[in-house]
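Enquirer: From first to last, the protein sequence lines stand for chains A and B. Converting from the first sequence to our numbering requires adding 73 to each position, the first position being numbered 1. Converting from the second sequence to our numbering requires adding 256 to each position, the first position being numbered 1.
Think of the hints as simulated: they come from the structure by calculation, not from any bench. Be aware that one or more of the hints could be misleading.
What the hints assert, rightly or not - In the DMTMM-like style, the derived pairs of lysine to aspartate or glutamate whose C-alpha atoms are separated by at most 25 Å in a straight line are:
1. 592(B) to 447(A)
2. 322(A) to 477(A)
3. 262(B) to 480(A)
4. 484(B) to 436(A)
5. 484(B) to 447(A)
6. 303(A) to 282(A)
7. 484(B) to 430(A)
8. 516(A) to 465(A)
9. 522(A) to 512(A)
10. 298(A) to 254(A)
11. 262(B) to 393(A)
12. 421(B) to 510(B)
13. 511(A) to 469(A)
14. 265(A) to 293(A)
15. 592(B) to 331(A)
16. 262(B) to 413(A)
17. 544(B) to 447(A)
18. 502(A) to 436(A)
19. 262(B) to 386(A)
20. 262(B) to 382(A)
What the hints assert, rightly or not - If you want the footprint, here are the derived chain B segments under chain A, 3+ residues with CB under 8 Å:
21. 267-275
22. 372-381
23. 541-552
24. 584-592
Quantities reported herein were computed from a predicted structural model and do not represent experimental measurements. Each residue gets a CB set at the ideal place from its N, CA and C atoms; glycine is no exception.
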Amino acid sequence: MAGTFSGGVHPDDAKLLSNNKKLITPAIPSIVILPVRQHIGAPSKIVVEKGQQVKKGQMVAEAGGFVSVPQHASISGVVKAVEPRLSPMGIKVQSVVIESDGKDEWAEGCNTERTVSSMSSDDMREAVKTAGIVGLGGAAFPTHVKLSPPKDKSIDTVILNGVECEPYATCDHRIMLEYPEKIVKGLDILKKILGCSNAYIGIEQNKPDAIKVMRNAVKDYKGVKVVSLKVKYPQGGEKQLIYAVTKRKVPAGGLPMDVGCVVQNVGTAMAVYEAVALGIPLIQRAVTVTGHGVKEPVNVIARLGTTFDQLIENAGGYTENVSKLIMGGPMMGISQFTDEVPVVKGTSCILAMEEQETVFSAELPCISCGMCVDVCPMHLLPTTIASMVEHERWDDAKSYHILDCIECGCCTYICPTNRRLVENLKFGKAKIAEIRAKEQAQKKAAEEKK
Amino acid sequence: MARLFKVSATPHLRDATNIPTIMYSVVVALIPALIGAIYFFGLPALWITLLTVFSCVIAEGIIEKMSGKPLTIWDGSAIVTGILLAFNLSPGVSWWIPVVGGIFAIVVGKMTFGGLGYNPLNPALLGRVFLQQSWPVEMNASWTLPRGIPAIDAETIATPLTILKENIAVLKSSNALSDNIDAVINASGRLGDLQVSYMDMFVGRIPGCLGETSVMLLLIGAAFLLYKRYIGWRIPFSFVGTVGLLTWIFGGYEGFFTGPWLFHILSGGLIIGAFFMATDMVTSPITKNGRFVFGIGCGLLTTIIRLIGGYPEGVSYAILLMNLTVPLINRYTQPKVFGEVKNRV
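Assemble the whole structure, with the sequences as input and the hints as a guide.
Expert: In structure tokens form, the structure reads like this:
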């Protein structure tokens with residue numbers, strides 16, 4: 074029996090467009106843009122100046138705190154500018170712009186093999202931290218933070234996320250097929266850092282070849298199991314995956330570590346291996362460039378900071394009717410108004426959609442069919458909460474658990490009257506956070522007065 | 257400036273299902289029963305259905321034109337209301353009954369509240385109840401015999417439920433009045449006749465409203481909707497199950513657990529009510545547990561009306577009364593959030 078969760082939707086996975094395309098390495102980009110905010114947490118602090126020579130793998134910005142990561146040059150060349158540039162998050166972010174010198178030289182100390190067996194878990198964790206690794210599934214949460222659980226939480230299970238439940242995305246699928254060894258070695262390192270013996274690799278059943286390859290790759294490793302999971306979105310959601318694999322429920326408002334689990338993307342495991350064993354910081358990642366809006370969908374290993382338009386060229390350019398460009402999958406990806414934005418650490422997919430795919434019928438009143446309730450993987454009442462948000466009833470929305478929404482978008486996807494449910498829920502969450510911050514500030518001010 | 261792209265919030269995909277797909281699927285699901293009605297009751301069944309459908313659609317169109325709202329008559333919901341209303345009328349009603357019923361169902365039952373999605377009560381049922389209360393004679397004196405049943409006594413045509421109710425009442429009261437022997441024998445005989453006709457009831461060869469009699473054809477349509485997931489199983493199964501259970505326990509005249517439960521399930525409007533009207537999306541709960549509560553409530557009220565109420569049939573009233581409780585049910589059956597709830601900081 075394949076594992077799964079309750080709720081969820083079954084969009085057309087559209088993976089045929091690119092799942093048999095081998096990962097290719099495009100030419101070195103002539104220019105890269107490295108924003109200081111590519112991750113969740115504090116922005117990094119830039120440590121280079123305009124005009125400075127940098128080499129591949131050299132740190133250009135240091136971590137801005139514990140929940141933060143450093144950034145590294147992804148090519149060798151000259152720092153052309155340090156200025157705010159548009160990032161795919163839709164805002165301008167202070168960035169390091171590097172112009173290539175075409176040499177692609179490694180910085181000192183990078184790309185040198187190390188003996189993992191002689192390293193302590195603290196050494197390994199430090200290597201992950203200095204390599205600037207974040208979760209490569211899309212959320213981009215600093216990996217070393219997940220690997221540093223507080224003392225009172227014991228972790229007994231590492232789960233690698235090879236689910237890739239977003240339609241269109243195939244980059245994780247490809248790296249599982251092409252670099253299974255690196256992933257498994259990375260998983261081994263993760264296990265050692267956390268000191269736990271159990272590990273699972275969760276993969277959706279629509280990737281039977283990847284399941285086979287990974288099963289073969291983990292043969293010699295004790296306590297590692299490849300779990301096949303039902304094809305259903307959002308099977309790869311952290312809480313859903315943990316439940317599907319271990320039947321443990323992450324408490325509402327809690328974290329995976331509350332149930333003894335750490336979840337990492339398969340790409341992250343590979344990056345961890347490269348960082349710890351080979352001394353390579355996170356300067357590139359697998360990206361799927363796909364959709365009906367490009368001529369020839371491809372999977373590429375892209376240098377971070379490569380602009381989208383350069384990768385689109387690798388996919389044969391746009392088709393005539395292209396109309397929407399999305400970073401990430403079609404369910405949770407961020408839509409872009411221009412392709413002059415860089416690939417960041419969380420860019421798993423660049424999706425171009427044609428005009429007819431982007432036209433939806435008008436929003437109509439709710440007919441209370443309850444479909445959004447049936448599909449909500451968090452068991453919320455999306456239509457009820459959305460109405461509360463529309464009427465600015467923030468306290469009611471909170472008591473209906475709006476803050477537990479994982480923003481997967483199943484409710485909007487399924488709604489027969491096309492209501493923008495998840496949009497309202499996201500807005501409500503942001504608004505409630507804003508109100509809370511304001512209240513705390515007031516409280517603080519009042520206390521200071523006393 | 258380089259090429260500009262469309263920007264929108266997530267998700268960037270939509271399921272193809274919309275209101276028309278759902279409504280027209282319901283229409284398709286009702287077609288077997290409509291064909292059955294035409295077969296059993298002749299062409300009047302078709303004319304009545306067309307009259308209700310047209311009056312519903314036209315009434316909706318006129319109201320929307322008058323109030324300057326976008327025209328929604330093609331979304332199929334008025335057609336569904338029309339067909340369901342027709343299915344709740346007896347095959348021999350005069351032409352103006354379906355017309356008045358259709359107009360009332362749409363104008364008062366639906367458009368007054370703001371149209372599809374805002375109506376608290378099932379419009380078709382409201383139309384039916386309005387007709388029944390306003391013109392009881394016309395509504396109840398017009399039962400016709402279906403094809404395949406020899407007309408013995410045209411004046412005493414009654415639905416099986418009416419026969420059951422009257423005769424069980426006779427048998428219950430006769431325990432005290434022993435001088436009423438003729439009546440007892442008569443009543444037992446009639447009930448005996450009823451027992452043998454389960455197959456007729458399943459197929460639809462019984463007098464009744466034109467679309468409610470054939471359990472078989474209704475279930476074919478319901479199976480299609482269940483398969484398409486446009487109706488859930490929770491409401492109809494808990495509704496029918498409750499009626500079956502309660503009538504088995506309390507419905508007999510020889511004590512508890514002797515009631516003709518299968519008879520109650522197969523007769524009257526229970527099947528069409530449970531599968532096609534109680535499941536109406538707008539007027540049923542959105543939560544999974546709420547749907548059970550709703551179904552059980554409908555079953556309970558139906559049984560109470562059938563066994564001790566003044567009418568032989570109670571499905572319509574039961575559903576309408578339960579419709580009114582939906583907001584309350586929704587409020588008290590909030591699902592538990594995934595992951596046990598702990599005290600938030």
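Enquirer: Compare the structure with each hint and give your call.
Expert: Now for the hints, and whether the structure bears them out:
1. A hinted pair counts as satisfied when its Cα atoms are at most 25 Å apart, and residue 592(B) with residue 447(A) qualifies at roughly 13 Å.
2. Distance check on the hinted pair: residue 322(A) and residue 477(A) sit about 13 Å apart at the alpha-carbon level, within 25 Å; holds.
3. In summary, the hint linking residue 262(B) to residue 480(A) is supported, as the alpha carbons are separated by about 21 Å, within the 25 Å threshold.
4. For a cut-off of 25 Å, the pair hint linking residue 484(B) to residue 436(A) stands: about 23 Å separates their Cα positions.
5. For a cut-off of 25 Å, the pair hint linking residue 484(B) to residue 447(A) stands: about 14 Å separates their Cα positions.
6. Annotation: proposed proximity of residue 303(A) to residue 282(A) holds, straight-line Cα distance about 15 Å (limit 25 Å).
7. The hinted pair formed by residue 484(B) and residue 430(A) meets the criterion: a straight-line CA distance of about 24 Å does not exceed 25 Å.
8. The hinted pair formed by residue 516(A) and residue 465(A) meets the criterion: a straight-line CA distance of about 23 Å does not exceed 25 Å.
9. Restraint check for residue 522(A) and residue 512(A): the C-alpha separation of about 15 Å stays at or below 25 Å, so the hint holds.
10. For a cut-off of 25 Å, the pair hint linking residue 298(A) to residue 254(A) stands: about 15 Å separates their Cα positions.
11. Between residue 262(B) and residue 393(A) the alpha-carbon distance is near 15 Å, which keeps this suggested pair within the 25 Å criterion.
12. The straight-line distance between the Cα atoms of residue 421(B) and residue 510(B) is roughly 14 Å, inside the 25 Å bound, and the hint therefore holds.
13. This hinted pair checks out: residue 511(A) and residue 469(A) have alpha carbons roughly 19 Å apart, not beyond 25 Å.
14. In summary, the hint linking residue 265(A) to residue 293(A) is supported, as the alpha carbons are separated by about 16 Å, within the 25 Å threshold.
15. Pair hint residue 592(B) plus residue 331(A) holds up; C-alpha atoms about 19 Å apart against a cutoff of 25 Å.
16. Only pairs whose Cα atoms come within 25 Å are accepted, and residue 262(B) paired with residue 413(A) is accepted, the gap being roughly 15 Å.
17. A distance of roughly 8 Å separates the Cα atoms of residue 544(B) and residue 447(A); the hinted pair therefore holds under the 25 Å criterion.
18. Among the hinted pairs, residue 502(A) with residue 436(A) is consistent with the structure: their alpha-carbon atoms are about 22 Å apart, no more than 25 Å.
19. As the CA atoms of residue 262(B) and residue 386(A) are separated by approximately 20 Å, the hinted pair is consistent with the 25 Å bound.
20. With a CA separation close to 16 Å, the supplied pair residue 262(B) and residue 382(A) stays within the 25 Å bound.
21. Here the region 267-275 of chain B counts 8 residues with a CB under 8 Å from a CB of chain A, which clears the bar of 3, and the coverage holds.
22. Against chain A, the region 372-381 of chain B contributes 3 residues with a C-beta closer than 8 Å to a partner C-beta. That satisfies the three-residue criterion, and the hint holds.
23. Residues of the region 541-552 of chain B with a Cβ under 8 Å from some Cβ of chain A number 5, which satisfies the need for three, so the listed coverage holds.
24. Check on the region 584-592 of chain B: 4 of its residues sit with their Cβ under 8 Å from a Cβ of chain A, so the three-residue criterion for coverage holds.
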